[in-house]
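Engineer: Listed below, chain by chain, are the residues.
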Amino acid sequence: AQTVTQSQPEMSVQEAETVTLSCTYDTSESDYYLFWYKQPPSRQMILVIRQEAYKQQNATENRFSVNFQKAAKSFSLKISDSQLGDAAMYFCAYRYMEYGNKLVFGAGTILRVKS
Amino acid sequence: ETGVTQSPTHLIKTRGQQVTLRCSSQSGHNTVSWYQQALGQGPQFIFQYYREEENGRGNFPPRFSGLQFPNYSSELNVNALELDDSALYLCASSQPGTENSNYGYTFGSGTRLTVV
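Heads up: the protein sequence lines correspond to chains A and B, in order.
Last residue of the first sequence: 148 in the working numbering, with the numbers rising by one and none dropped.
Last residue of the second sequence: 124 in the working numbering, with the numbers rising by one and none dropped.
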C-alpha cells in the first residue's frame, strides 16, 4: 500500500526567508502524481503544487517549488520569500491511481511564519 | 464556479446516534470523495462516488455509507456513532480525467463532528 511520511510536525521561518518541508513516500507504481496542499484555519484544502512522476523537471509555481527525487521517493516543498499568509498546515499527498483514485495524505507539517 | 459546499459546518452528536453530512459538488464535477481528518492528522479516504455508484472505499466499517444524487451532490451517513468518529469530514469533488490538473480536486471546508 502507498504511504506518505512527513517527518517534520512543525517548522518555523522568518518572513522573507526560505523554508523546505520534507515528504517521503512509498509506492510500487512507476507512474503517479504527487501534490502539496495547504490547509489554513478555514480548513479548506488548497492545492499548492503538483508533480507528475514521469516528468524529470521539478514543478514550480511562483514562490513554491519542489525537489522531486524519484529514486529516493522524496518530494520536498520549498517556499521562497515566505509571507505571513503562508502560515498553515501543509500536507503532502499521493494520488493512488487504482480503484477510486484516492489521495493518500501525510500527517502534515504546521508552518509558522515569524514577522 | 460555485465551489464545494458542505453542511452543517459543526455538529455535536451523542454516542450511538446517526448522522448525515451533506456536500454539494463544484459545477461540472461528477465525482465526490469523502475524507475523515482526525485532529492533528492527515485526511483519510473514506469512499468515492461516481455517477451515483460507490467507486472505491478506504478502510472504514460498513456503518459509514454514502449516496450520490443525480445532481452529483452527496451525503455521508454514519450509524452507531463512536467517540473516535469525532473528526473533520472533508468532501472533495473532481471530474474524471482532470484530477491531475491544477483544478483537479476541489475541497470543501468540512464538517466538524464531535461525538460525546
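Don't read these hints as lab results, they were simulated from the structure.
Remember, it's a predicted structure, so these values are computed and weren't measured experimentally.
We treat Cβ as the ideally placed atom computed from N, Cα and C, and that holds for glycine.
Where hints are given, some of them may not hold.
Now the stretches of chain B that chain A is said to cover, found in silico as 3 or more residues with beta-carbon under 8 Å [said to hold, decoys possible]:
(1) 47–61
(2) 94–101
Take a look, some chain B residues computed to stay more than 12 Å from chain A by CB distance [as the list claims (entries may be wrong)]:
(3) V12
(4) V27
(5) G36
(6) F72
Engineer: Give a verdict on every hint.
Structural biologist: Consistency of the hints with the structure:
Given as covered by chain A, the region 47–61 of chain B passes the check, having 8 residues with a CB less than 8 Å from a CB of that chain where 3 are the minimum. Residue count for the region 94–101 of chain B with a Cβ under 8 Å from a Cβ of chain A: 3. That meets the three needed, and the coverage hint holds. Its closest Cβ contact with chain A, about 8 Å, brings B:V12 to no more than 12 Å, contrary to its assignment away from the interface. Against the 12 Å criterion, B:V27 stays outside the reach of chain A, whose nearest CB is about 18 Å from its own CB.
Every CB of chain A lies more than 12 Å from the CB of B:G36, the least distance being 17 Å, so the non-interface label holds. Every C-beta of chain A lies more than 12 Å from that of B:F72, the closest at about 14 Å, which supports listing it as non-interface.
Going through the hint list in order, the structure does not satisfy hint 3, though it satisfies all others.
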